[in-house]
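Q: Residue numbers (our numbering), protein chains in the order written: chain C, 11 to 341; chain B, 11 to 341.
Quick caveat, the hints were computed from the structure, so don't treat them as lab data. Do not take every clue at face value.
Put simply, identical chains are the same to the list, so a pair is met inside one copy or across any two.
Dumping the calculated DSS-like pairs for lysine-lysine here, alpha-carbon to alpha-carbon at most 25 angstroms [as the list claims (entries may be wrong)]: (1) K190 - K14; (2) K107 - K236; (3) K246 - K117; (4) K281 - K190; (5) K190 - K236; (6) K190 - K246; (7) K117 - K14; (8) K40 - K246.
Quick caveat: nothing in here was measured; it's all calculated off a predicted structure.
Okay, here's what each chain looks like letter by letter:
There are 2 protein chains.
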Amino acid sequence: MPEKRYDIVGIGSAIVDVLSKTDEAFLADKGMVKGTMALIDSERAQLLYTSMGRTLNISGGSVANSMVGIASLGGTPAFIGKVGNDTLGQAFSHEIKAAGVDYYPGKANSTTLPTAVSFILVTPDAQRTMNTYLGACTELGPSDIDENVIRSSDVLYIEGYQWDTPQAKEAIRKACVTAKQAGNKVALSLSDPFVVDRHREDLLQLIYDHVDLLFGNEEEVFQLYKTTDFDTAVRKLRQTNTLACMTLGARGAIVVDTMATATVPAMPVDKVIDTTGAGDLFAAGFLYGYTSGRDLVRCAKIGSMCAGEIISHMGARPETPLRELLLKHGL
Amino acid sequence: MPEKRYDIVGIGSAIVDVLSKTDEAFLADKGMVKGTMALIDSERAQLLYTSMGRTLNISGGSVANSMVGIASLGGTPAFIGKVGNDTLGQAFSHEIKAAGVDYYPGKANSTTLPTAVSFILVTPDAQRTMNTYLGACTELGPSDIDENVIRSSDVLYIEGYQWDTPQAKEAIRKACVTAKQAGNKVALSLSDPFVVDRHREDLLQLIYDHVDLLFGNEEEVFQLYKTTDFDTAVRKLRQTNTLACMTLGARGAIVVDTMATATVPAMPVDKVIDTTGAGDLFAAGFLYGYTSGRDLVRCAKIGSMCAGEIISHMGARPETPLRELLLKHGL
Chain C
11 MPEKRYDIVG
21 IGSAIVDVLS
31 KTDEAFLADK
41 GMVKGTMALI
51 DSERAQLLYT
61 SMGRTLNISG
71 GSVANSMVGI
81 ASLGGTPAFI
91 GKVGNDTLGQ
101 AFSHEIKAAG
111 VDYYPGKANS
121 TTLPTAVSFI
131 LVTPDAQRTM
141 NTYLGACTEL
151 GPSDIDENVI
161 RSSDVLYIEG
171 YQWDTPQAKE
181 AIRKACVTAK
191 QAGNKVALSL
201 SDPFVVDRHR
211 EDLLQLIYDH
221 VDLLFGNEEE
231 VFQLYKTTDF
241 DTAVRKLRQT
251 NTLACMTLGA
261 RGAIVVDTMA
271 TATVPAMPVD
281 KVIDTTGAGD
291 LFAAGFLYGY
301 TSGRDLVRCA
311 KIGSMCAGEI
321 ISHMGARPET
331 PLRELLLKHG
341 L
Chain B
11 MPEKRYDIVG
21 IGSAIVDVLS
31 KTDEAFLADK
41 GMVKGTMALI
51 DSERAQLLYT
61 SMGRTLNISG
71 GSVANSMVGI
81 ASLGGTPAFI
91 GKVGNDTLGQ
101 AFSHEIKAAG
111 VDYYPGKANS
121 TTLPTAVSFI
131 LVTPDAQRTM
141 NTYLGACTEL
151 GPSDIDENVI
161 RSSDVLYIEG
171 YQWDTPQAKE
181 AIRKACVTAK
191 QAGNKVALSL
201 SDPFVVDRHR
211 EDLLQLIYDH
221 VDLLFGNEEE
231 VFQLYKTTDF
241 DTAVRKLRQT
251 NTLACMTLGA
261 RGAIVVDTMA
271 TATVPAMPVD
281 KVIDTTGAGD
291 LFAAGFLYGY
301 TSGRDLVRCA
311 KIGSMCAGEI
321 ISHMGARPET
331 PLRELLLKHG
341 L
């Protein structure tokens, strides 16, 4: 058992984001669905890169972004995820450690594939469309999960994206069982509407078996319950017996537990530049509030605040220390 | 002879900048001289990287930055420089091409070393201190210089930095002779005061033999003529029979030719964030003005405008299209 206790440990894809501004025509030409994540192979990755304009390379990965957010708020997060044995992998490791997250890259020298990259196209409406080559992330397996780290963390945070990789699913299941046996909580991000569509039954089963806190945007929750009706979605969330947060973009977020519903507005932002990481940082803020014992409305307000910071610049890692904003807003 | 004619071709180091904000104590602790460039080996590079905080990776390289600036102004630049066969090299190639520069990487598959990186520490006074691992750049040699490209360019732009690599020096000499035989101009950036100190005699000879336009900041020019007196420096510059620009930081720049001296103020900037690339972009603006036939004062004003853009954000590649600024300022 490590000496250290963590507020939270996240397991997720370790990805370097390659961001580029583009227009609607580019997305249409390449057959992309705006606002979603598509998995691509290395050939398509090469092709896309060549056709993209100037880029900005910033470390990303949904769960990793959330852990960086929690560190920036003053929490103590850990992250488990695999990078390749290359310069992008070195960059990812450097950034997450420099941001104050304890990084566990899994068992040593076990990757054979390159570090994952996500080509993120940002349209003038600030929406992001992602094309991810998973590379070394597909090699995450049960043996990469250090059970001592899982046991030492109040919350285990996982992402729906991992369901696209069979070995990773096993790793996540192992981590969930370990966390629950240690009396810890499990939090899940639904990640993407297409992910939910591909793995609906599995995710519903996971929620039923293990999940205490659930994060998703409207589209993802609608997909999960095969509905397009807001009230139906909320009723279904209530029945799951988890604490659920549904983010609603510019309309803010709603928190649903078995008893009540609370809504918080979105944080006003001068200019929305890039929505990449909005959901990741909402979750970071909420989970930081939760692990530090704040009430649910305050947790959601911190989530909104963090999402507001991240959408006001390119990339999904905070540029302003979130702890400063927390104090400034008296949260 | 290629069909295309270039305003300018630059030969220089192809470097990816790894920028990080730091404090004076960090520089002191690591024995660095603020505002200068030190060459480091791969071991020292690894060590430095580990001790640095969060970083931003942006393509750089002094001459490459200038060529990107000229493309952003609407000129037609080409760049010759070598990258390694790795992801950083792919990133460098992608960025310079996406910026509108015709990139000539030298003879195919000829590098064995990794792509060059420069660790750039930015202190709260916005000064930058560089630690460069040259890697693949040290493999630039005469056979990488396509003489047709040199002949097809109105100006050949070279940097003092290349004098630290014996093979590169030969490559530059070959390029200078080719340019002169074709009736083209040669422009030189002095690069760094320590570079000038290390290679004073060579650089003076080069200026005498080939150089038509000379760029340097005050410290570099003082080093070149072993003086600390402004008027002596200006008199010496006048005697070289070149057109010389001496940049003076916040005090602007001075243009010296055989007949007269003109001074232009620095472009006012809201907040100076990072001076990386200030000299590179001054040269870009001046050279763009020069190759488009503008008068010398206007050339220097464009230089100041470009330097002003680059110091108002992190990194040495423009974030605002310089063509827009050019029109806005009526230059």
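Q: Run every hint past the structure and note whether it holds.
A: Status of each hint after checking the structure:
For a Cα distance limit of 25 angstroms, the shortest separation of K190 from K14 inside one copy, 19 angstroms, qualifies, whereas the shortest one across copies, 67 angstroms, does not. Proximity of K107 to K236 under the C-alpha cut-off of 25 angstroms is found in neither arrangement, the shortest distances being 40 angstroms within a copy and 45 angstroms between copies. Taking the shortest alpha-carbon separations for K246 and K117, neither the intra-copy value of 39 angstroms nor the inter-copy value of 63 angstroms comes in at or below 25 angstroms. Taking CA atoms no more than 25 angstroms apart as the test, K281 paired with K190 passes in neither setting, with 42 angstroms inside one copy and 51 angstroms between copies.
For the identical chains of this complex, K190 and K236 are neighbours neither inside a copy (29 angstroms) nor across copies (72 angstroms), given an alpha-carbon limit of 25 angstroms. For the identical chains of this complex, K190 and K246 are intra-copy neighbours only, at 24 angstroms inside a copy versus 78 angstroms across copies, given an alpha-carbon limit of 25 angstroms. Taking the shortest Cα distances, K117 and K14 sit within 25 angstroms of each other inside one copy (20 angstroms), while across copies they are farther apart (53 angstroms). Proximity of K40 to K246 under the C-alpha cut-off of 25 angstroms is found in neither arrangement, the shortest distances being 36 angstroms within a copy and 58 angstroms between copies.
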